[in-house]
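Trainee: Chain order of the listed sequences is U and X. If you're matching positions, the first sequence starts at 1 in our numbering and goes up one per residue. If you're matching positions, the second sequence starts at 1 in our numbering and goes up one per residue.
The set of hints was computed from the structure by calculation and includes no laboratory data. It is possible that some hints are incorrect.
As the list claims (entries may be wrong) - Here are a few chain X residues that face chain U, going by a calculated C-beta distance under 7 Å:
1) Gln-612
2) Gly-613
3) Phe-616
4) Asn-620
5) Ser-629
6) Asn-630
7) Glu-631
Said to hold, decoys possible - Here are the simulated DSS-like pairs of lysine-lysine, each with C-alpha atoms no more than 30 Å apart in a straight line:
8) X:Lys-602 <-> U:Lys-55
9) X:Lys-494 <-> X:Lys-593
10) U:Lys-55 <-> X:Lys-670
11) U:Lys-83 <-> U:Lys-17
12) U:Lys-98 <-> U:Lys-235
13) U:Lys-98 <-> X:Lys-670
Positions of the beta carbon are idealized from the N, C-alpha and C atoms, including for glycine.
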Amino acid sequence: MVKAELVKRSPLRILEKSIHGGVGKGNIGVIASRKGTGKTACLVHIATDQLFQNKHVIHVSFSGRTDHIVSWYEDIFGEIAKKRELDNAMTIHDEVIKNRVIMNFNQDGVTADQLLRSLRSLMTDGQFAADLIVVDGYDFERGQPDTLTAIKEFAAELDLEVWFSASIHRDDPRTDDHGVPVLLSPFEDSIGVLITLQPADEHVKLSLIKDHGNYVTEDLHLMLDAKSLLIAEEK
Amino acid sequence: MAIEISKMRNIGISAHIDSGKTTLTERILFYCEKIHAIHEVRGKDGVGATMDSMELERERGITIASASTNVTWKDHPINIIDTPGHVDFTIEVERSLRVLDGAVLVLCSVGGVQSQSITVDRQLNRYNVPFLAFINKADRTGANPYKVREQLREKLGHNAIMMQMPIGLEDKFEGLVDLVLMKAVYFDGPAGETLRYEDIPADMQAQADELHEELIDAVSMYSDELAEAYLEGEVTEDQIHEAVRAGVLRRELTPVFVGSAYKNKGVQTLLNAVLRYLPSPRQVSNTALDLDDNEAPVEVHSDDSAKTVALAFKLEDTNYGQLTYIRIYQGTVKKGDELFNTRSQKKFKVGRLIRMHANHMEDITEAPSGDIVALFGIDCASGDTFCHPDLNYSMTSMYVPNAVISLAIKPKDKKSADNMGKALNRFTKEDPTFRTHVDPESQETIIQGMGELHLDVYVERMRREYKAEVETGAPQVAYRETITQRADFNYTHKKQTGGSGQFGRVAGYIEPLQEGEYEFVNEIKGGVIPSEYIPSVDKGIQVALQKGPTIGFPIVGVRAAINDGSTHPVDSSDMAFQAAGLQAFRDAYKRAKPEILEPIMKVSVEGPTEYQGNVFASINQRRGIILSSNEDGAFSVVEAEVPLSEMFGYSTVLRSLTQGKAEYSMEFLKYGRVPKSIAEELVTKYQEERKAEAVRA
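Only chain U is shown next, with the shape it has when bound in the complex (with noise of 0.2 Å):
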């Protein structure tokens, strides 16, 4: 399969027509659910399909080193690539990854404010045109709503997408009146797209829970297959 065809045959096109489009630039799309769920597997798949269509992603990390965060990369494309029998994968490989960057901090020492100075000084002074950034590992349980609202103003002024992953407490399954985890509340205001992950049998079901502006607990008949952490679609 060449790229084109691959990048049409996404599962993640299917995502994009429940959630009208997309995220859209200037909004924040979250996935949350509870630890060891895949949340970073789905990051990582969405930040490569938008690699696939030539974008520039940063991956901005809070949790891990960086060699980690590569090999998640790594072991999606591979994936992907086989799955899809990706042709010159190789090279294509190659050609892409030159398009990420990955921004690793530490929660503890770095502010908001530093967090964007550091994002803005890659895409101004190191002229990182970035379409998406996805931020794997930020704490909400420490984090301010300020902080959320900062970013998303940050993404509406650089014309940027943001997926953020969320953890929630394994003990704490408490949702409001639309659905969405206790601990986002706060934030929901910044929040455009909300989905959560649930483990099923032997899977992991995706479900929509906020689409821009309008709560809906749609079944976006999507899940993440066990053995690959890829998004595919439900059969």
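Fit chain X to the given chain U structure using the hints.
Mentor: Frame of chain U; chain X shown alone:
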């Protein structure tokens, strides 16, 4: 003096530049009573630290060559191999790691784990060297050994355990708490030579107890005896030491020591730890390759009665001739012994045998297995293996990377020309990554190496040590040419100029080769070309590969196959088929969409976060690709891939961009395609040069 090998330690001190490694070494020599005064690395007294034997190193405050020195601590002989910290001299680091049995990884209390510490850590892993960590400079403003311990855990994945805790920090750094002994240690006297043990200060007792528990908890998994004693509540110091030692030898535990070499604190306790936790040569196994048995690995034993195997790991030029440092892996080396150099396949006699101290040498008559000593007057290259004449072993050959940069040098006068020759001869023997040749066309002497600084240092050494004044040209990147598509050829070489003529026809194709530089495939069927001429075709193609037509650099990544041809009963010859191969290749090359490749370096820049924007910009301006950035508070590390050709003078630029607060390291990563616009420039330049040469001729 007989040496007990079980007491001996061969250790290296590995560190990031400026983490105070040389000062630490200096203090070790002082406490071991090898030297009588302490000099600072960049001392005001102009003497400089003793280990920095080269003037150049003295001036720059860095250590380049890895001299080995012998000291004695509490009746234990210790050979210290001082390893350089700069990536440009990695081959020296790796060569010294080869001969170490253990290492001390020095880290700065302020800077912590930096990119070079990561490189050094990787090297220690590659050579399986057990090590201790020493967090130096606890007296510095901003010192935080606990944070560095966390970095060891997070960034390097070490199971790092505090063995000591600092009493006070920064300018209030007074001493240490020994977490095994559970005592406070102070270093009294003008140079901290007297250790005074006291009770732990009351306000630190709780934290000390906690860290002590943590220590025992962590190490008890390496000793059943300790685990049992722990449950019974009767742990002895020796049990703890044994468990730590077991963890270190398995390379699963990193005991962390703290101190300030500069303030004379924590050095003696570190030396005690070296004796306690690092192995003696007896406890380390090494393998050699048997050259008589298809390089099959054989274990060598640190046993004096076995047949000798030794590795020459370092050469030094002295007033008395070449000094060769050797590590003896098996058997002994005695004055008058006959040994066999397995590379040159020549025998030689051991003349003077020397034990090296920091600034003087001691003549000895015999050295046991496991020892590190030096020989005088042996003609050899570094990396050679010396064996008993019955053996034909080679210690594992080390990976030598290709040179990525070259520089034309020209002596300023006749005397310099002679001296330059001597210097180059020496350097190439010392350092396999440093190469030299005379360009057949320009008649210039070309030196090649791993980076700008690498070559700079050698040019400086020529001037200082060999009194050779040389002019240098602009550094030249080692480009490569390659092809991107298959092209067929069918070429007839025919010459008829009286006498016997030349005739050879070859047909086949060339195509890109993913892995490797060159491959020749013979697909001839039915003997249309006699088998004796096949190697001639291969040879002819290889000649063509040496200098590509695009910009005159070697061609790589080519598979050439021949599948047809014809011969003439009289006129075909080796020569004729060589010429046919060469011309056929050149002919096909034009149609195979040739491309230029350039060395791409992995660059790591570290410094205060406030300058990160400048660093991003500087990388972007250099056609670099930013891979990642890591921010930890005020400190950040940016990793990027940048073409080497854009990195010239980067250290100066970086200094001015960051007020000297950032530094970078780089190493060769891969060859990458040169962008079209730059390729065109290179081609134009090459064509102009050729035109100018043609006019001169």
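Trainee: All hints, please: hold or fail.
Mentor: Evaluated hints:
The beta carbon of Gln-612 of chain X comes within 6 Å of a beta carbon in chain U, closer than 7 Å, and the hint placing it at the interface holds. For Gly-613 of chain X, the shortest C-beta to C-beta distance to chain U is roughly 4 Å, which falls under 7 Å, so the interface hint holds. Checking Phe-616 of chain X against chain U: minimum C-beta separation of about 3 Å stays under 7 Å; hint holds. Taking 7 Å as the C-beta cut-off, the interface hint given for Asn-620 of chain X holds, the closest approach to chain U being about 5 Å.
At a threshold of 7 Å, the smallest CB-CB gap from Ser-629 of chain X to chain U is about 5 Å, leaving the interface hint in force. A cut of 7 Å between beta carbons decides the hint on Asn-630 of chain X: the least distance to chain U is about 5 Å, and the hint holds. At a threshold of 7 Å, the smallest CB-CB gap from Glu-631 of chain X to chain U is about 5 Å, leaving the interface hint in force. For the given pair, Lys-602 of chain X sits about 23 Å from Lys-55 of chain U by alpha-carbon distance, which is consistent with the 30 Å threshold.
For the suggested pair Lys-494 of chain X and Lys-593 of chain X, the alpha carbons sit about 27 Å apart, so the restraint of at most 30 Å is met. Between the alpha carbons of Lys-55 of chain U and Lys-670 of chain X the distance comes to roughly 25 Å, so the proposed pair stays at or under 30 Å and holds. With a C-alpha separation of about 22 Å, the suggested pairing of Lys-83 of chain U with Lys-17 of chain U holds against the 30 Å cut-off. A threshold of 30 Å between alpha carbons decides the hint, and for Lys-98 of chain U with Lys-235 of chain U the separation of about 34 Å lies outside it, so the pair is violated.
Between Lys-98 of chain U and Lys-670 of chain X the alpha-carbon distance is near 15 Å, which keeps this suggested pair within the 30 Å criterion.
The structure fails to meet hint 12 from the earlier list, while all remaining hints are met.
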